[in-house]
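A.B. asks: Below, each chain spelled out in residue letters.
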Amino acid sequence: MNALVEINQLRTVLHTGAEPIRAVDGLSLKINPGETFALLGESGCGKSMTALSIMRLLPDAGEIVSGHVDINGTDLLRLPELAMRTIRGKRISMIFQEPMLSLNPVMTIAEQIAEVLKQHLQLSDQAIQNRIVELLEQVGIPDAERRMHEYPFQFSGGMKQRAMIAMALAGEPELLIADEPTTALDVTIQAQVLDLLRQLQHRKQMAILLITHDLGVVAEMAQQVGVMYAGEIVESAAREDFFNQPRHPYSQQLFASLPEKNKRNQALAVIHGTVPSLAQTFTGCRFANRCPKVMSLCHQTIPQWHLVKENHQVRCHLYDDSIQRTANAETAIVTHSDNAEKEQKILPNVTDSPLLQVTDLQVHFPIRKGLFKRTVGHVRAVDGVSLQISAGKTLALVGESGCGKTTIGKSILQLIPPTSGGVRFKNQELTKLNRSQLHKIRAQFQIIFQDPYSSLNPRMRIREILQEGMNALRVNDQSDTHLEQETDALLQRVGLPVEVKWRFPHEFSGGQRQRIAIARALAVNPELLVCDEPTSALDVSVQAQILNLLKSLQDHLGIAFLFITHNIAVVEYLADEVAVMYLGRIVERGLVDEIMETPKHPYTQALLSSVPRIKPEREQHIIRLQGDLPSPAAPPSGCHFHPRCPKAMPICRESYPTSNAFSNTHTTHCFLYSQESLS
Amino acid sequence: MFFDPVILWTDALIYLFVTMVLIGVGYVRRHPHLLASWERVGHSASGMASLTVLLFFLLIGLLDTVHFRPALEQTHSNGEINYSADVLSVLDVLVTPLRLQVEKTYSAPLATHLYAKETIELPDGQQTRSFARLLYGGAHLKNPETEHTADIVTRAIRGAAYGLAIWCIFLVALTTTLSYRNQLSFKQTFTRIWQRTTEIPWYAILMTLLILSLLVGSVSALIGYYHVLGTDKVGQDVLYQSLKSIRVALVIGTLTTLIMLPFALLLGIMAGYFRGWIDDVIQYLYTTLNSIPSVLLIAAAVLMMQVYIETHPEIFDTTAARADLRLLFLCIILGITSWTGLCRLLRGEAMKLRELEYIQAAHAFGVSHWRIITRHILPNVMHLVLIATVMDFSSLVLAEAVLSYVGVGVDPSMISFGTMINAARLEMAREPMVWWALLSAFIFMLALVLSANLFADAVQHALDPRTRTLKQRHVKHRSEKNHLLATSKIDNQAKSTNSL
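Here the protein sequences line up with chains P and U, keeping their order. Each number in the numbering used here comes from the position in the first sequence (counting from 1) with 707 added on. Each number in the numbering used here comes from the position in the second sequence (counting from 1) with 9 added on.
So that you can see chain U by itself, here it is in the shape it has in the complex (with noise of 0.2 Å):
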């Protein structure tokens, strides 16, 4: 064997996670009208596009999650292998270079020398104080001033070449798939696509595929040869912590939210529900939670956590594994911690809907309570609970960064986009200023949680079946506007003498 499989927890969690949306998906499939409602999640152009781009995110967090031990060249003398105390993951493997090639202080991106003078010893034994090369950015260039900006335009314009190509390759396959699937010919199915006239906007997705792997291409034409985005402090590629922070973003966001919403939902509605003694209770519950500064209860937690780990040394055998349990440890302490918003504004949703007389109708069937619960409020809170988790997403993700910031975020030797933020904060005090590591993060950043957000809008937008109609019926049936319109107003007068 080359390698050692590890699992770590957080992994274990994210596999269970992945398991669960694929037999939800496959739960949808079998039943024609949930189909039909997420189908129309493939119908928005703006939700596609966006789930191109997480998709892609994603893709880059899974492959960082599926972690392994290589084993060391040298044997034991029994024929054991050695495995490395390292664990490396997919995404490890596939940028080596980005990993290994490590410079010895901060260089500005594509840079060819160090973005600090030092003093350089000459060959003839001479010191000078100048801008030393880097080891590896631009280090095949013989004359860097005059070969620089030629050599980058180039490289990156043969690996946009490339990028384009498989582009093309995509293209065609789609194309191919699709004429043979709608028993279409291939030039139909093209103009279609281009007409933009298919159902699912591939229009869009093309156009996002297309900038993607445009990028992707010259990027990864560039990094064997240059610091695309620069270096840190300690010379560390910033698209190489870039792309690790990704994961833990993911995570952070996912199972935080996962290990919240069974609290905020649970808690919410039967508060809203109930009312009584059972309101009372969970209100002081979230009240009381809530008045404690929740960042000194993260870091009383998290330094119990780190003492905990560091009297029990046996039972990591990886640095990774401390690191791993510390992230966990963290998402569950936030989790924790951060469902009292949500769960306040579930309340008040389900003391307004135990009020409508669709419930009440309900009570009057005899329904029971759970049924109540989860048939008729629970389906008519999901939009918010839908709004305020991916909300949440990104203010975890820069929760993260603040904890990172107090000491108590997560383990050192992860990289994040806290720690990434919290190490760029210093530089920015810099003259001249290093930016780069702070705008990568937050270009980064920037695209997870907007890609994030548009997503979920095309969901939520998608599933309420009022919305839903509406948009339908403006493509289909022209002629019956002036009824929906009315009825739309209706609702809405409805709505807001119910909201009194």
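Just chain P, with the same shape it has in the complex (with noise of 0.2 Å):
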């Protein structure tokens, strides 16, 4: 087959400072027509860049030293500007990561897909109006006739990226450039996104470039795979081969990185180091400094590539045949890494009671109206939440955003005041307590937050950070030597040279700030951490990082975790019991096993089949959800899973299910296994 699009040899710079950075470095790939190649990376490896290149949008530092980019035989790279404008959004489309930031907010999306149609088609005012529709109906907005005329924060976010892909779509484009398409969204949501691509792709036989991060999403969604490293493809091959055997140690590294559950009790592996600068000329292989099976010759040569197999191709030294290798290439990768020493796990002493207790506990926010702010009406974010934690344990809640789990971890830690609901810590009712009686137990729960960079403040030194929280909770004798001495320990304790305490937060990367943030908690030796999503903003490789922190924390400190996420993965890897959570409620809890292999409830089930599987171990139906998250100001009647259940039956619209138990530990609010009982 013909390829649609070739690049050939791209080179980009970008010139922001005295040296060039060599963004994208020699990078060739080719898409048939209808087939979908994923270029799969870490952050800053050059994935965006390449997409801009293609595009030729680069920001005005960037510049295309060298290649072409042909589609269908047209070279884009020599055509003159005002020829480019005719091939954007004509020939080649993006679809990029934040739908919400790329619709244009004061207008309709309409008028926002009418823009692409004037440009590239001749079409009268009414022929324009139909084709909307038409879109709009394409990719699945349900009353598109009426909907065409809202503004973008009418839409849901699910929606406006299928606005957005509406809008892609609307001159017919033969390459769709998806710059991590899903990564803002929910998995039932990601879900339903990747099908409608899918299935367009299918129906146009459209070329799609997916770039993303995400190891599932390509095994979902892709033909070809390209692994990209340092502004270069070091690995590239069909899926098949690709998730049956990763051939760079650097894709290696990258599955052994992904949490799991046959993971569960030891450490996960973690590629060292970061990303090379890429101002520098390589004289050697790129992942030399940070690749496991490094031989001298990585250093010297760059490698160059070398064919595995049929269509699987690989830029490493260790499959060039005319190299004598002492190591053999097909051994698997060692899965631990340093800190994986199995040590006996201190047993946290065990008390009858538990260390949280939460029981019935509602958030409510008012919502105000009119000009004497009478309240009309409330946002139920929590409501009625009841779950406990033991000392040394991890309780996991899932759910999709918008459903109230970051409200629950604020309001336990009297962040948020609740609005009824006891929460219980080791037999005191926190929110009974006035401001200087909670000020004395602060020190024993604490808070990690998901964005490591608004979690900490720019304008004050690592030391400071961590010694705040020491001092206005005086947990140590105040002594300046001895505070000096507990900043150190804690640097070390989470893998930080003591040094860095000097600095100031946005010097480290993500990961690390993640660490300072983990420190500054630990600082005043809490019992109890919530977890806000703390590795949902980092890599594959820094998350491996980071849980594996915390799990050595919980051996050796004893700490139990509320892990508050909703990448099912981590949460298989990690936690003793999970809490299903959906518009406010929990729906289904029990232990990790419990629930991950019999899901009981519609809803859970829905959410754990639509996270995309890099194996696909079990032939299941993936259950597809209908529609969005309702919202919480007005939650539907009756089951608040009913709208989208698809085994909704008539009673669900009148009355909230009560809780179901399977075993002592497993129950479920669904009316499916309340009539099976009564039967």
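Careful: at least some of the hints might be erroneous.
Claimed, not checked - Quick partial rundown of chain U residues pointing at chain P, CB under 7 Å, derived from the structure: (1) Glu366; (2) Tyr367; (3) Gln369; (4) Ala373; (5) Phe374; (6) Gly375; (7) Val376; (8) His378; (9) His385; (10) Pro388; (11) Asn389; (12) Pro474.
Unchecked claim - When the alpha-carbon atoms are kept at most 30 Å apart in a straight line, the in silico DSBU-like pairs for lysine-lysine are as follows: (13) U/Lys361 to P/Lys1076; (14) U/Lys361 to P/Lys1147; (15) U/Lys242 to U/Lys151; (16) U/Lys361 to P/Lys1080; (17) P/Lys968 to P/Lys1100; (18) P/Lys797 to P/Lys911; (19) P/Lys737 to P/Lys968; (20) U/Lys126 to U/Lys151; (21) P/Lys737 to P/Lys1016.
Everything labelled a hint here was simulated from the structure, so no lab data went into it. Built from N, CA and C at the ideal position, the CB exists for glycine as well.
Need the complex rebuilt from these two chains, each delivered in its own frame; the hints are there to steer you.
C.D. replies: As structure tokens, this is what we get:
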């Protein structure tokens, strides 16, 4: 088959400093019509720069130095800018990561799509309107004729991304570039969007260049995979070959650092170091400094492409037959890193009463309207949640964004005052305490946030950040030398050198910042740590480091975690118990095995089945949920899930189901099972 | 005693302000990490060049702040010394020729004749209408038509040569000090300065100083003989007026800002941070204040003040004291009416910051509200405060001009840019046009405000830890640039998502 897109030796540099940064350095790839090529890699590897180079939309500092980008025989890099405008949106379209930022908030959806149509197609006004309706229906927006005249803020996240896709498809492009199209979306919405992309591709025989860091998405979508590292592709293969046997050590490490259920009792593999600076000229393999199978040759000679199989090539010396190798390339890579030492788990002193007991917690935010700010309703962010955590255990709170997970975490710490219900921590009712009483026991529970970039004050040095909590809560005697020693010990505990305490947060990478945030929480010796999506902003390999750290902290210090996440793989790896949340309520809870193996609630089943799996172990039917999460200000009557539930019954509309127990630990709220027990 | 020192209200406040700045400098010097940040201000070429200009203005302002009453020559019979009713400043004494050489009316810059024709009585008793010779400007010339230009050029060049000489002395002194401090030879230091490899951009400072000293040198050589910037309607030297206006501008700029800042900072951050009823009260307060036309409010306040001054003449022993109190009052009333803009800005910023996770983390540690405000929020809004105050500085100087126009500005006896511009406004309509008064006010204000702006930019840049290391690393660790680029990109992303 003739390739639709052929990129040859593309080189893009960024002139931001004294020396140019080679963001894309000799990248070649081919995409056939109707095929999806996935460009996989960690952040900072030049994936997005590749996409922007193809579109010729580089920032001012960027420059394409050499190479060809041929689309059906037209070399894009040789076209004048005027001709490029007829290509963009017509022959090549792009979808961006953040649907909230890529739509203009002051234009209706129809106006924005019409802009594209007017630019590329000569259509009458009526034809344009018809085409918009057709496009929106195509991407599955219900009631398209009415909704096209709405503004972006009236659309939910998933709908916005659909509208973006409709806009990208308006010119019927031959190539669609999707830059992390589902990273900002929830798993159930992600499944919808990926489905949609697949269908559209099938119908239009469109080629897709999918840029992602998520191996699961690659496994679901791609036919061809290219692994990108430090500006170049290091491995290129068909999907099956790649997932059966990744060849490049970097790809292998990526797989090894993924959290999985069967790695539960061991530390995850970690890629040490960071992506090297692209301003330097490489004399050897770019991965050499981080590679577990590095040879002396790797530092001296730049590896060339080696064909290991038809359509599967690797840029690695290990596969060079002319080189006598000592190591056998086929051996599985070391799954244990240095901090995987097996140690006797310190068993926390198990007492009868749980460490934390939350009963019927409600957090309602009033909606105010009018001149006198009358309360006209409530957003029921958390609506009657009960859970408990034993000392030294991990409870994972799973759910889509907007279901109230973070609000629970914050109201347990009394950062948001609960509307009603109880939070009992070690036999003390937190909701009844006043500010000074609460202050005395604050040291025992702490929180880690999702975004390591906004969780550290940019104007304070690490030392002050760490000592703030110690000073405020007076956990130690206040002598200065002791404080300094304590700070040093904390930094060492989270694996950072002591000298960093004199530096400012922006000098650290995301993973390092997250370590600092963890150290800050540990500074006051907490017994409960609320982790609010601590790894969702991080790359896979960095995520592995943080998960290892959390796990070893639990083993050594006996800290209990309330782990708030939407990442099911992390849950399988880390959690002891799981609670699944939907619209402010917990719909199912149980031990991690119970939930993962035998999910009972239809929502849990749908959630688990939507997670893109790397290896489809179980041939299970993927349950696609329709629609989006309803607004917590006006939750549906009866069971909150019934409008989206594939197994909804009439009774579901009328009242909220009571709890059904399957074992001592496993309960769910669903009428499916109460009927069973009745009959 | 030959003089009686006088400390006016604004003088006292200026001395207080200078003392506070000196204490602040001392505090920074004792804390290495603060010192390191401020030293980076010293590494910015534009910052240091503008600081040089700014210091020049400050010097003039401070010289004009030291007030006294000179002793009169005739003494009382009982031996008591009588002091003049005029309050002079050190600057007045330094530029005595400018102050005393008053012409009859308008004359153009460097002119020898008046700007308008008038009837002159000739020695023989006849009358003629022509341009009369000036009393002082070019009075030493016998034949102005032929000697005028040459005289000016020679004097200016001679003055510039003096300026150059002083600059050279400074250069030598600086190089010697630097080489002594850095243990280098004189020549090494000298080449380092000229190749611009010194840490502090001495080259930029020296170039600014060179321009300044050439200007000052040639102007001061001319002032005894000409009116360099012309004269105004009553024949007063415009250069003298411009120099005197600098202090008023600085006083209005700094004192007003100092009065307004506590309101804006405290109320703005409190409103944004606490929300709830505190926010409501503060919002109503500033919305109400904002919707009253500020000119009206200021006019009412100033007129009240004026009435008070006129009914209590016994409190003020000199006209300067009266004018000064009025200036102080003007600063206070301007400060009270102008905090709303910055307050609103800070409220919005504090509302954004309070949701950030580091503030939430501080809450989780039970850090007190006051500490969160001072340690977490205040440093993160300082860049806004700095920019807003410098921007306000220029608008305050202009506000003074507008108020003087309405008649509620500074005392008519006080020279300020406002009164200068007001007077010039009428002259612009004349034919031939009198342009120099307005132009001088414009140039002086431009230089002052521009250098303040550039300096504030440099300070803000140096004190922000993010931009600071970016720049520093570009020079020092070129290899790490890429990594930084990546992080800054993520930073921006994080920022943009936060602002949503």
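A.B. asks: Indicate, hint by hint, whether the structure satisfies it.
C.D. replies: Outcome of the hint check:
Checking glutamate 366 of chain U against chain P by beta carbon gives a least distance of about 4 Å; that is within 7 Å, so the hint holds. Taking 7 Å as the C-beta cut-off, the interface hint given for tyrosine 367 of chain U holds, the closest approach to chain P being about 4 Å. A hinted interface residue such as glutamine 369 of chain U counts as satisfied when its beta carbon comes closer than 7 Å to some beta carbon of chain P; here the least separation is about 6 Å, so the hint holds. Of the supplied interface hints, the one on alanine 373 of chain U holds, with its beta-carbon coming within about 5 Å of a beta-carbon of chain P, less than 7 Å.
Because the closest C-beta pair between phenylalanine 374 of chain U and chain P is about 4 Å apart, less than 7 Å, the hint holds. With its C-beta approaching chain P no nearer than about 4 Å, glycine 375 of chain U sits inside the 7 Å limit, and its interface hint holds. Proximity of valine 376 of chain U to chain P holds as hinted, the smallest CB-CB distance being about 4 Å (cut-off 7 Å). For histidine 378 of chain U, the suggested interface contact is broken, since its CB lies about 10 Å from the closest CB of chain P, more than 7 Å.
Restraint check, histidine 385 of chain U versus chain P: the minimum CB separation of about 5 Å is within 7 Å; hint holds. Annotation: interface hint on proline 388 of chain U holds; nearest CB of chain P at approximately 4 Å, less than 7 Å. Against a cut-off of 7 Å between C-beta atoms, the interface hint on asparagine 389 of chain U holds, since the closest Cβ of chain P lies about 6 Å away. Proximity of proline 474 of chain U to chain P holds as hinted, the smallest CB-CB distance being about 4 Å (cut-off 7 Å).
For the hint linking lysine 361 of chain U to lysine 1076 of chain P, the alpha-carbon distance of about 22 Å falls within 30 Å, and the restraint holds. The hinted pair formed by lysine 361 of chain U and lysine 1147 of chain P meets the criterion: a straight-line CA distance of about 29 Å does not exceed 30 Å. Between lysine 242 of chain U and lysine 151 of chain U the alpha-carbon distance is near 26 Å, which keeps this suggested pair within the 30 Å criterion. Between the alpha carbons of lysine 361 of chain U and lysine 1080 of chain P the distance comes to roughly 21 Å, so the proposed pair stays at or under 30 Å and holds.
This hinted pair checks out: lysine 968 of chain P and lysine 1100 of chain P have alpha carbons roughly 17 Å apart, not beyond 30 Å. Restraint check for lysine 797 of chain P and lysine 911 of chain P: the C-alpha separation of about 14 Å stays at or below 30 Å, so the hint holds. A C-alpha spacing of about 36 Å is found between lysine 737 of chain P and lysine 968 of chain P, which places the hinted pair above 30 Å, so the restraint is violated. Taken as a hint, the lysine 126 of chain U and lysine 151 of chain U pair is honoured in the structure, with Cα atoms around 20 Å apart against an allowance of 30 Å.
At roughly 17 Å between alpha-carbon atoms, lysine 737 of chain P and lysine 1016 of chain P fall within 30 Å of each other, so this suggested pair holds.
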